Amino acid sequence: MSAATLASARIGVITFPGTLDDRDAARAVRLAGGEPVSLFHADGDLQGVDAVVLPGGFSYGDYLRAGAISRFAPAMDAVVDAAKGGMPVLGICNGFQILTEAHLLPGSMVKNDHLHFVCREQVLAVENADTAWTNQYAAGQHITIPLKNQDGQFVADERTLDELEGEGRVAFRYVGVNPNGSRRDIAGITNAAGNVVGLMPHPEHAVESGFGPEAADGSRTGVDGLGFFTSVLASLIRA
Amino acid sequence: MGRVVVEVMPKPEILDPQGKAVVGALPRLGFTQFTGARQGKRFELEVDGEVTPEVLQAAREAAETLLSNPIIEDVVRVADASEESAGVSA
Chain A
1 MSAATLASAR IGVITFPGTL DDRDAARAVR LAGGEPVSLF HADGDLQGVD AVVLPGGFSY
61 GDYLRAGAIS RFAPAMDAVV DAAKGGMPVL GICNGFQILT EAHLLPGSMV KNDHLHFVCR
121 EQVLAVENAD TAWTNQYAAG QHITIPLKNQ DGQFVADERT LDELEGEGRV AFRYVGVNPN
181 GSRRDIAGIT NAAGNVVGLM PHPEHAVESG FGPEAADGSR TGVDGLGFFT SVLASLIRA
Chain B
1 MGRVVVEVMP KPEILDPQGK AVVGALPRLG FTQFTGARQG KRFELEVDGE VTPEVLQAAR
61 EAAETLLSNP IIEDVVRVAD ASEESAGVSA
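First to last, the sequence lines map onto chains A and B. Residues in the first sequence are numbered consecutively from 1, following this note's numbering. Residues in the second sequence are numbered consecutively from 1, following this note's numbering.
Mixed in with the good hints, there may be bad ones.
Interface residues of chain A toward chain B, partial, derived using beta-carbon atoms under 8 Å [as the list claims (entries may be wrong)]:
hint, residue
1, GLY61
2, ASP62
3, ARG65
4, GLU101
5, GLY107
6, SER108
7, ASN112
8, VAL118
9, ARG120
10, VAL123
11, GLY176
12, VAL177
FYI, nobody ran anything at the bench for these hints, they're computed from the structure. Just so it is clear, the structure is predicted and the values come from calculations on it, not from any experiment. Here a beta-carbon is modelled for each residue, glycine too, at the ideal position from N, C-alpha and C.
Okay, chain A solo, but in the shape it has when bound (with noise of 0.2 Å):
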């Protein structure tokens, strides 16, 4: 972007038909100081955003695969040129689904290995910090934000597995517990570039004192996801 300013950052935030938790994105946009802009996914303008974040919900009602049918929306079109042109994209939950069935990131959820839907506090390290989503973090630290998923279970074949290691883009894995049975603990992955990132845990439930996860300092301080919603802005002041 050209101006050099946290607000002037435009992010935005697309709305697809069972989306959830757009609100929240747009709320944790707001908080980290940039300007969110709400999408709708049939509309092919993003409105010259600066990022894009792909919230967490139900697109579609997951009826054939989870976010198998956004992945034709006319906003997502835009996204996947945008994207392949560096703009910073943040897959979130639903959102991380999406990107996987559009291939803007390599492998695929499935259901989880226990069938349950899971809804707990997780425990993150942070693999890559140089990704435009978590420059932020520092490189081994562990954050603690909320997951909630069905469908939630990452896997790809062994040779993509190796390569994503290899390269360094696992962005995220799960520490202590692996609530999904996602291969090697894989919570999050990036594109090679860094500019996509997507993950199955919900950094922007994790935003605001009073609102997060328990904290050793008292009850819900926990904002461990903000961290997100800064990296991009400072991406994008940096860009």
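Fit chain B to the supplied structure of chain A, relying on the hints for placement.
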């Protein structure tokens, strides 16, 4: 009206949690002879008129792009439904 059947199965190397749940439940009902179960999907696509080779080709393309995810699933069958065996043996 013609009908095309598309069948999609999880890839063999992908753990199929639903199939695993089924194979766990079978012996509890007394079905002890089954050692494995995989759960897939069957789609029935309807068209006006006959199922032509062009219709079948379009169904194959739909199967590869939308109806299946090649990362986790295989398209195991695309066929004219009228060519399925009419009777079910009892």
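Against the structure, the hints come out as follows:
At about 15 Å, the closest approach between the beta carbon of GLY61(A) and any beta carbon in chain B exceeds 8 Å, and the interface hint on this residue is violated. For ASP62(A), the interface hint is violated, since its Cβ never comes within 8 Å of a Cβ in chain B; the closest pair sits about 13 Å apart. With 8 Å as the threshold, the beta carbon of ARG65(A) comes within range of chain B, its nearest partner Cβ sitting at about 6 Å, so the hint holds. Hint status for GLU101(A): holds, given a least beta-carbon distance of 7 Å to chain B, under 8 Å.
Annotation: GLY107(A) was flagged as interfacial toward chain B, and the flag holds, the nearest CB pair being 6 Å apart, inside 8 Å. For SER108(A), the shortest C-beta to C-beta distance to chain B is roughly 4 Å, which falls under 8 Å, so the interface hint holds. Against a cut-off of 8 Å between C-beta atoms, the interface hint on ASN112(A) holds, since the closest Cβ of chain B lies about 7 Å away. Given hint, VAL118(A) at the interface with chain B, is violated; its Cβ is 13 Å from that chain's nearest Cβ, farther than 8 Å.
Below 8 Å, beta-carbon pairs count as interface contacts, and ARG120(A) has none with chain B, the closest being about 18 Å; its hint is therefore violated. About 24 Å separates the beta-carbon of VAL123(A) from the nearest beta-carbon of chain B, more than 8 Å, and the hint is not met. Contact between GLY176(A) and chain B, as hinted, is not supported at the beta carbon level, the nearest pair being about 22 Å apart and thus beyond 8 Å. Restraint check, VAL177(A) versus chain B: the minimum CB separation of about 17 Å is more than 8 Å; hint violated.
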